[in-house]
Amino acid sequence: KDAGGRDGGSASGQGCRLAPPPAAAPATTTSSERTRQPLPDASQLRVGLAFDIGGRGDASFNDASVAGLDRAKAEMGLAEVKELDAGAGESEDAKLTRLQQLAREGYDPVIAVGYAYAGAVRTVAPQFPDTRFAIVDENVQGIPNVTPLVFAEEQGSFLVGVIAAHRSQNCHVGFVGGVETPLIGKFEAGFVQGARAAAPDIEIERDYLTPAGDYSGFQDPNKGAEIAQGQLDAGADVLYHAAGASGKGVFSAVHSAEAQAIGVDSDQYHQPTVAQFKDVIISSMLKRVDLAVFDYVAAVARNDLSTFPTKFDLSIDGVGYSTSGGMIDDLVPTADAYKAAIARGEIQVSDTP
Amino acid sequence: MNTWRARLLPPALAIVFSAVLCSAVLLFSGADPVATLAEMIGRVGRGGTAVDILNTAAAYYLVAIAAAIGFQMNLLNIGIEGQYRLAACVAAIVGGAISLPFGLHAVVVVVVGAATGALWCGIAALLKVYRGVSEVISTIMLNTLSIGVIAYLVQTFGELRGNTLGTAAIPPSGQVPGLSFGSAGTVFGLVLLSVAIGVGYALLRDRTRYGFDLRATGLSPTAARAGGVDSKKMVLTAMLLSGAIAGLAGLPEILGRDHTFTINFPTGYGFAGLAIALLGRNHPVGVAFGALLWSFLDKSSLTLDNIGVPKEIVIILQGTIVLSVVVAYELVRRRELAAEQRRVGRALATTGGDRA
Amino acid sequence: MTSAFIETAAAPARRPMPGWARAALWVGIAVVAVSFTSYQTGLPELTASGTVQSAVRLGVPILFAALGGLWAERAGVINIGLEGMMILGTWGGAWAGYQWGPLAGLVAAAVFGALGGLLHAVATVTFGVNHIVSGVAINLLGAGTAQYLSTLVFEPVSQNPRESPPVPKFDTYSAQPFGDWLQWLEDLQRVGISDVAGILGGLLTGVSPITLLAYLLVPVSYLVLWRSPFGLRLRSCGENPVAAESLGVNVYLYKYSAVIISGALAGIGGAALILNPGQAGYLEGQTNNRGYIGLAAMIFGNWRPGGLLGGAALFGYSDGLQLRDGEITVHALFYAAALVLLAVVLLQMWRRNWFAGGVALVAAAIVYSIYWYTDELPEVLTAYTPHLVTLVVLAAASQRLRPPAANGLSYRRGS
Amino acid sequence: MNTSTEPDPGGPPARAGTPAVELTGITKTFPGVVANSDVNLSVAPGEVHALCGENGAGKSTLMKILYGMQPPDSGTLRVDGAEVRFRTPAEAIRAGIGMVHQHFMLADNLTVLENVVLGAESAHGIGRKARARVLELAAGAGFDVRPDVPVERLGVADRQRVEILKVLYRGARIIILDEPTAVLVPQEVDELFATLRTMREQGFTFLFISHKLDEVRAIADTVTVLRRGTTVGTVPAAEVSSRRLAEMMVGSALPVPERGPSTVTERPVLTVRGLGAVEQDRAVLSDVDLVVRAGEVLGIAGVEGNGQTELVEAVMGMRPLRGGSVHLGERDLTGLSTLARREAGIGYVPEDRHRQGLLLDESLWFNRILGHQTRPPAARGPWLDLAGAKADTRRIVAEFDVRTPGIDVDAAALSGGNQQKLVVGRELAGDPALLIAAHPTRGVDVGAQAGIWEHLRAARAAGLAVLLVSADLDELIGLSDTIKVMFGGRLVADADPLTVTPEELGAAMTGAGESA
Ligand SMILES: Nc1ncnc2c1ncn2[C@@H]1O[C@H](COP(=O)(O)OP(=O)(O)OP(=O)(O)O)[C@@H](O)[C@H]1O
Ligand SMILES: Nc1ncnc2c1ncn2[C@@H]1O[C@H](COP(=O)(O)OP(=O)(O)OP(=O)(O)O)[C@@H](O)[C@H]1O
Ligand SMILES: [Mg+2]
Ligand SMILES: [Mg+2]
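First to last, the sequence lines map onto chains A, B, C and D. No gaps in the numbering here: position 118 of the first sequence is 118 in this note's numbering, and each next residue is one more. Whatever position you read off the second sequence (first residue = 1), add 353 for this note's numbering. Whatever position you read off the third sequence (first residue = 1), add 709 for this note's numbering. Whatever position you read off the fourth sequence (first residue = 1), add 1124 for this note's numbering.
If you are wondering where the hints come from, they were derived from the structure by calculation, not from laboratory data. One or more hints might be untrue.
The calculated lysine-lysine pairs, modelled on DSS-like cross-linking and capped at a C-alpha distance of 30 Å, are [stated by the list, open to error]:
1. Lys73(A) - Lys664(B)
2. Lys664(B) - Lys82(A)
3. Lys311(A) - Lys73(A)
4. Lys586(B) - Lys1514(D)
5. Lys311(A) - Lys82(A)
Covered stretches of chain C, as calculated for chain B (at least 3 residues, CB under 8 Å) [claimed, not checked]:
6. 839-849
7. 855-864
8. 1004-1013
9. 1085-1095
For glycine and all other residues, C-beta sits at the position ideal for the given N, C-alpha and C.
Chain A extracted, bound-state conformation (with noise of 0.2 Å):
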């Protein structure tokens, strides 16, 4: 019997030749501060929310649409929330008919999470002047009613890379993309350009399970694994996925070769789906939808958009990355220090690779 799995690529080498991190400065503004100011009363919004496949429960950005309403339930006594489910590979009026349907319904603000709604956000909005409309990772433009949020995934990214280049014994890492998009492009670019900066001699593997289009590689943990465990064999020992549910096969798959993995999106390691591999995810990179859609409902509900951020970056912790577990807790400084330099702008992150 097999003890622990083989040790396809655990840590042998003795990490990578580092970069010295920026100089640390004084952190800017942030959300706290923002958000220091009093929350309004939300208790006559009714809140349409318009899922991407995935839906509820993909521990992902839908479930972090939901978590910043129910907070906005919570603190700002949100009355009523209406979901609305999506299906896989469904033609574009399935889409239209469910953005319609929120609004003649009476909800406002409708939130439509994912890009994918983009085209039936450009055309519903116009339909419903009087309804606000949010659409979650595309930058609508243009249309007043149509309030985009959008994130700088890069700069996320960019930080778990550092935290992997510090964390990698043989100076070597992978990114593991599901599908081939634009944006888990962006996921892909920052990481790289992380490890790069942290580590200049670092190997990276940078693998997708499916091109464009074919969006099973969401769903296909057993490729996950097998891409994985391919990056591992290779000799790299910390994985940063962006694949969404076929994550888990990247989890599994550094879980059993005692490597080290960073999770996406939300705080992985607090995932119920992938708490057996808890012990491997050393951090997450943050994007936090929830944050952007309870700063949404209360700009909503204080009827007033015009300060709203235009897009959820570092600066405002739209971005981050995630300390659950302990892991990484001596790599703080190092890694504020990068963000700090971000945020201030010294250091460009490029969202494509």
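Following the hints, put chains B, C and D with the ligands in place on chain A, whose structure we already have.
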């Protein structure tokens, strides 16, 4: 068996049986089947659902006709899924790259779509005719391969809009205007193309020599061969035709609404097409009803979220319908055949049959 | 009185090699070609034990589906519903596995798959429905039922209608210390020895009970189907059911058994997707057409257990390979393909089959020049290497295939 | 004979006086047809009992009832004196009955051994013991057998031996042979009869069906004649003449196809030169030359499997050629498709109407179009002319006396004879110059047969050239103006139908020398 009873009874039986089965499932899971059905039907009157049903039915009709052409010959074109998506992709790329006068532009796009579908299906046809590869397997493989080819094409010829990778937009000269019902939505102009294809298919099937050859080959390849039908040619042309019609299925949406092919282009029409063709017994009118039913189930299932019923019940319903419709056809066929033999026997006995 | 038998049954002058020997020969040639390529291109991945393990893991679900197809089609029932039965298996496996552990999951997966098989049998055997039609419907039903049940049963626990909660897994076993020794050999990086060690190591380490079951079921299927009275009767239903019935074989019974076993095997294939270590629980869409691929592997293997093992292995290997730096490794496969084609050329020359030899030579030249003039392949295309390989191999070999004679025909007693 | 082949002493020794098989009052109807009506049959143990009757008389049906394949509507079965009721063949087998079917029931893909032991695995398994037993039985019956050869590689005679081995392996004492000689050449028939005689000595009882009356008289002890589903009578074979048997079968003198006055002209319609074809490296046709003139019926005689099917297919363009040419009048058809040949004026009555002649699940008028889909009255340009097709179908139904309630019923609903009349009517429509008729009256009852002959004669008188392939030597001799004998893919002899006898023809068909 040309009686109306034999034609209409099986689908009716099948739908009733499936409805009963699904009601049982719903009851078991604690939902109210009557309310569920009422909600689904009520849904049709609301918002753009009626128009959506029509628009999607048009696409379903095309894929189902494509499947039906194959079925007529006992060819199983499982590759419709890949054909319509690849064709839509190539047509959108060409449509976005050329510039022609209004009307002609759209015609060229439609022709390109049909040609692409035919070519992709033609691979399977050639493999079958010259290498004896079962079209079932080759089209399944081609479906998966088409995903890669589409990804490659979109990456190579497409452009990034926000987070969505898509082909260049087709200019207004290539767009096909629809019939607007205001807030209830717009019926795609190319719905008419589906109607035309349906009429063409009906004529082809029942009134032309080619249609005769097609059906004869399907009924008995050996008899067709003795009757002078070239089966290789029939396999090839039927697959090409099937692929060409499949290639049209994505175009109503692209030319009528999206004007681009994105990586989010809908999937799953191909398998729906197979099921709908079975439901409609490959008959042009039957398939039309099948497409409308399927589309109705799809679109009105969106409302089930509202009343807390899992909308997967609709997939179960669809699967049950397909299975029970074929079983019902078989049962009715056996009964009718026996009845007809008895009838012939009686007729012969009275006209002085030569036996007993 | 004896002449006719002698005459007509006399074997052709050149007695053909037995099937298994020919298969073994080609496996040998392929292994040599890949080892040589691995050495020439400096890509140890090609024969690394990791790649082989990956191939095994990816190939096992396909192998089960293919075995399922074998059982059904040997009894004359085409089973394109394998995909749906596999989906039912994943759901059943996750459900029972979550509650009572992996062994129960395995059993439940078999039972759920068998239920799908039973439905297929009712439709095709009792009602004489077209086998493909019934299969398509079962695929719809399998997917729909699993989704529906998952919403009802899993969502309250996992908070996600599309996923089950984590399911306990089987442990893996390795042939120690043999495995370490193989690993040592592999790490030496010696031509040939390391390659073989890599391949053997991949096959023998990290084996889970399901994998072992898959390994076992290939010879077991052979023995049962070809060496037992039950199997003889079952196969006779796929060859000539009327004759079988006239000899007192209960054709319906055997067809039912075969299709139900087929469903159970497909269901176990589904279980292999969730109960093997390193894999998730039930997840909507996770079978991802593996049932269809299994069917293709079976056809590829000429409706024989050894052959379908080869099909599943080829598929698993090319999939495993493309997942490991596919742009480069699949590119290197072209080199190996050119080598295999050269072997074909030599063989055909030896047989004085000049035309076939010439065709193979041209093909080898084309494949080699593709290898020579490109450095890597676009990843969007390498992702589908297994499918392309299947298609190409079928195109090359399908005329030799010999399906059961009554495969796909509906049979009614007394007519 | 080797004593080791003594059959299992399982069955009770037949007591004199108790019939081995006794069928009383058997009635069996199919939808629209009474296949057996009040049939009585008694077979003594240890005899060869022949069953005669024209096509469709109900012989096969009766035997299938005895073998448990079809349940009788009424009547009783006794085996060795005990009343039995078989629901499946398995039960009949257990009672010691075996059947060799008219159409062999063998799985081509399986080996000889597998075919033999299938269904009887409980006796000796499927391994070494079974093989030894099969070899032992074969030796006892005088066969030499290679148990591991797939059946597909065997010729017809060997396949029949496998069928007999199957029956023996099950320890059957009562063996039904349904038309065992139809596919055999005379020498093989002799060998078969030798086997039967040996086995009769060993105590086996045979039920033997044949259309060939002299064979019946040669092997049988007793003959029972069936006509239109009922027993006409049972007579000792030694005391009955073939003529008497024939009269019992048809109720009157045997209808003989009459040729009528010769209408042969000098104008060649079909000219075939040097035709050759191969199948899997085996020459199935070599160097066939023939000419059919207007108004002439050219008959091809031959034992099944000697190239007649291939010749017809080659002339119809359904088979790739290895050489040679086919001309219709002046026109070279060699490279043309089947359809083009039909359009050029060839009508074709295929040998298997179910597989090649008809679309069983379609209406009669739809079937009328098959083969005529490019020509009036069925078509106009690329369009079908449904009205024209229907009108012409009505004409055929009337002229050819096709008994059907209407032209909208499915072809499957017609009886074989009526189906065949429809096919012949269709192929004679549109005044073809040449008709290729393969077994035009096979499996057809006497009435329909006479009707078809009548139409052929009328068309011949109008100048039609006919290439007739038939296994029915009387039909061949009666209809043809010229007969050619085919053997091993070659035309080996010519015969003058005015003088040749079926016996001489039969001898020529086995390749035994030139005929008159
Ligand atoms: N399964 C069946 N269904 C319907 N009718 C049948 C069936 N089998 C036989 N018949 C009819 O029963 C009659 C008797 O057929 P049977 O096969 O017993 O004739 P036969 O004497 O064996 O003829 P042949 O000399 O051609 O072998 C025929 O008219 C046939 O049409
Ligand atoms: N299921 C059926 N339905 C209708 N007619 C049938 C059926 N089965 C057989 N027949 C008819 O019965 C006739 C004889 O049937 P059967 O199958 O016994 O043929 P057969 O005796 O083997 O004939 P042949 O001597 O030509 O080989 C055929 O001509 C056919 O038309
Ligand atoms: Mg890669
Ligand atoms: Mg008969």
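Do the hints match the structure? See the list:
With a C-alpha separation of about 27 Å, the suggested pair Lys73(A) and Lys664(B) falls inside the 30 Å cut-off, and the hint holds. About 16 Å separates the Cα atoms of Lys664(B) and Lys82(A), which keeps this hinted pair within 30 Å; it holds. A distance of roughly 24 Å separates the Cα atoms of Lys311(A) and Lys73(A); the hinted pair therefore holds under the 30 Å criterion. The suggested pairing of Lys586(B) with Lys1514(D) holds, with an alpha-carbon distance near 28 Å, which does not exceed 30 Å.
For a cut-off of 30 Å, the pair hint linking Lys311(A) to Lys82(A) stands: about 26 Å separates their Cα positions. Residues of the region 839-849 of chain C with a Cβ under 8 Å from some Cβ of chain B number 9, which satisfies the need for three, so the listed coverage holds. With a threshold of 8 Å between beta carbons, the proposed coverage of the region 855-864 of chain C by chain B holds, since 4 of its residues qualify and at least three are required. Against chain B, the region 1004-1013 of chain C contributes 3 residues with a C-beta closer than 8 Å to a partner C-beta. That satisfies the three-residue criterion, and the hint holds.
For the region 1085-1095 of chain C, the proposed coverage by chain B is satisfied: 5 residues have a C-beta within less than 8 Å of a C-beta in that chain, meeting the threshold of three.
The earlier numbered hints are all upheld by this structure, with none contradicted.
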